[in-house]
Structure formats: structure tokens, C-alpha cells
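One letter stands for each residue in the lines below.
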Amino acid sequence: MAHDPEPSPRMRIYSQPIVVILAAATLSACSTTTSLRTPPAGYANARADSNCKVDIYADKSQKPQRPYRVITQAESSIRQNVFFGGKATLDNEAFAELRKQACKVGADAVVISDYIESSATEMSHIYVWADLVRYEDRTDN
Amino acid sequence: MRTFTMASAVLGSCVLLLSGCAGTLDSKYTPSGQQYVVNQAVKDAGCYDASVMLGADAERARDIAKKVLVALDAKISSETDGDIQAQRNRHIGVMVGSGGEELRIRLAAVDAKRTFMTATTKTGFVGGAGQKAWSCKIVDEAVKLATN
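Chains F and V, in that order, are what the protein sequence lines are. For what it's worth, my numbering labels the leading residue of the first sequence as 18, then goes sequentially. For what it's worth, my numbering labels the leading residue of the second sequence as 30, then goes sequentially.
These aren't lab readings, by the way, just hints derived from the structure by calculation. Please read all numbers here as calculations on a predicted model, not as lab measurements. Heads up, the beta-carbon is just placed ideally off N, CA and C, and yes, glycines get one too. Where hints are given, some of them may not hold.
Selected chain V positions facing chain F (Cβ under 10 Å, derived; list incomplete) [what the hints assert, rightly or not]: (1) D102; (2) S127; (3) L174.
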């Protein structure tokens, strides 16, 4: 008659509910999602290089002084567990994410239209809406 | 036996207090109910009900309302021109679970530059200990977006 083998000490640890909960909390410590509203046909990967430089206009009263056109709109959600990832902020995490998206689609600048920072229990969250724009006086346009 | 009964009653009361329902989705505030100053929020004591005369047209106010709800981790469940209902996503945290609160934003255009907004929160019975009232946060963030 076959018997189920005795679970190993490691398996016993993994079966503890507290371990499972802590592992889930750690895995869900940080998340960043960005959606681009309008597919920027023709611009994709235009500036996907390591030297990509992007201007950021975070204040609504400031706009690029050069002529530009909006090539797409980005909506980014950045969530961090303050215990594991620190607080998500506009200046750090949101700017970095928008710069990355701008480089991907060949934008020269990010013009932030709205942003909201919030927190609930140990999660901090920043939500930002921005226009990704391209300068029209670029020589390679 | 008597001690056990009393302890059970105290424990039961504590559980009820911690997880009790609170708030309703109907606001007591009306645009004519009091003198509103543009972009100055009026809130109840527990932040379950709040209102503001937003300095924005109806379209921008609606845009603001939806952005605030999404940013507060809520999913919109129903939406008409002047009424948006949503529920916050549930999370299991290290300390306590959270989310699940029902939120409602009502909008009424007053004129071309002003829209009256109310925000209400209803917390549920299950998981009420990890829930909170969001109405003050909603109107505060709406004012920030309307003024920036």
C-alpha cells in the first residue's frame, strides 16, 4: 500500500499561510503600467537609443517654446509598497517612466497635463497623464 | 459562564464596530444649499460626503472626476452625464486588507465656468476595518486639477 511521502522541511515552510502572504506582498510591491492613447504610427522606435534626451514640462503653465505637435498621449500608473519600494513620486518614478515611453515613440518632450498622488495603507500611487510631443523644427523631421 | 457571555458580547461589539458599514451614496449637499466659493470644498466630519463648486465647465469637470476615481484605484462601474459610480479595487497588504469602498460622484453644470460636484463614500460590512472614506480626498484632488 502506497503512502504519501512526508513533505520536506522546505515544502512545509512554503505551505505556511504567512509565507504565502508575505511572498504575495513582496511580489506586488511595485507596479508600473503605461498606456499610450493614440498609436503613433511612423514614429515608433524613432529614438530608441541610449542617448535619448527628453524635456519634461511638469507645470501646466509651461509649454515648449518651440513649435511642436502632440504625437500621442500617455497615461501612467505607478504603484509602490512603501515598505519594499519606497514612495512613488512625480519627480522620480513618473518622470523616469514618461522619459522611457517618450524615447520609445520618438518624442522630444513630455508635457504633463494632470497628475494625482495618493496612498492607501502601505501602498503609494501616482497617476499621471501627459502629452508626448515632437518638436517641429527638428532637422530630421 | 457569565464571564464567557460578557466576553463574547464585548468581542462581538468590537468586531461590529471595526467592520461596520458607513456612509451612503446619496449626498446631502445641493448647489443651492449654501453659499459656495469656487474651488473651496465643503466636507462632512467623517469624509463620507463632500462637495465643491468646481471652477470648470461640465466637460472638464467630468474629465477631472474620472481621473480622480482612476487615480484613487477605483474601477468605474456605471456612468451617465452627471453620475459616476465606482468601486475601489481590493488589496491584501502586509498589515491589513484594503479597498472595496463604493464611491459616487455627481456633477451638475451651474454655468459655463462652474460645475457643482458631490462625492460620497460607502464602506461595506466585510473588510470594513481596512476601508476608509475617500470623499474629502476626491474633492481635494478635483480642486487641484481644476486649479492647476
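Against the structure, the hints:
1. D102: holds (6 Å)
2. S127: holds (5 Å)
3. L174: At about 5 Å, which falls below the 10 Å cut-off, the nearest Cβ of chain F leaves the hint on V:L174 intact, so it holds.
In the structure shown, no violation is registered for any of the earlier numbered hints.
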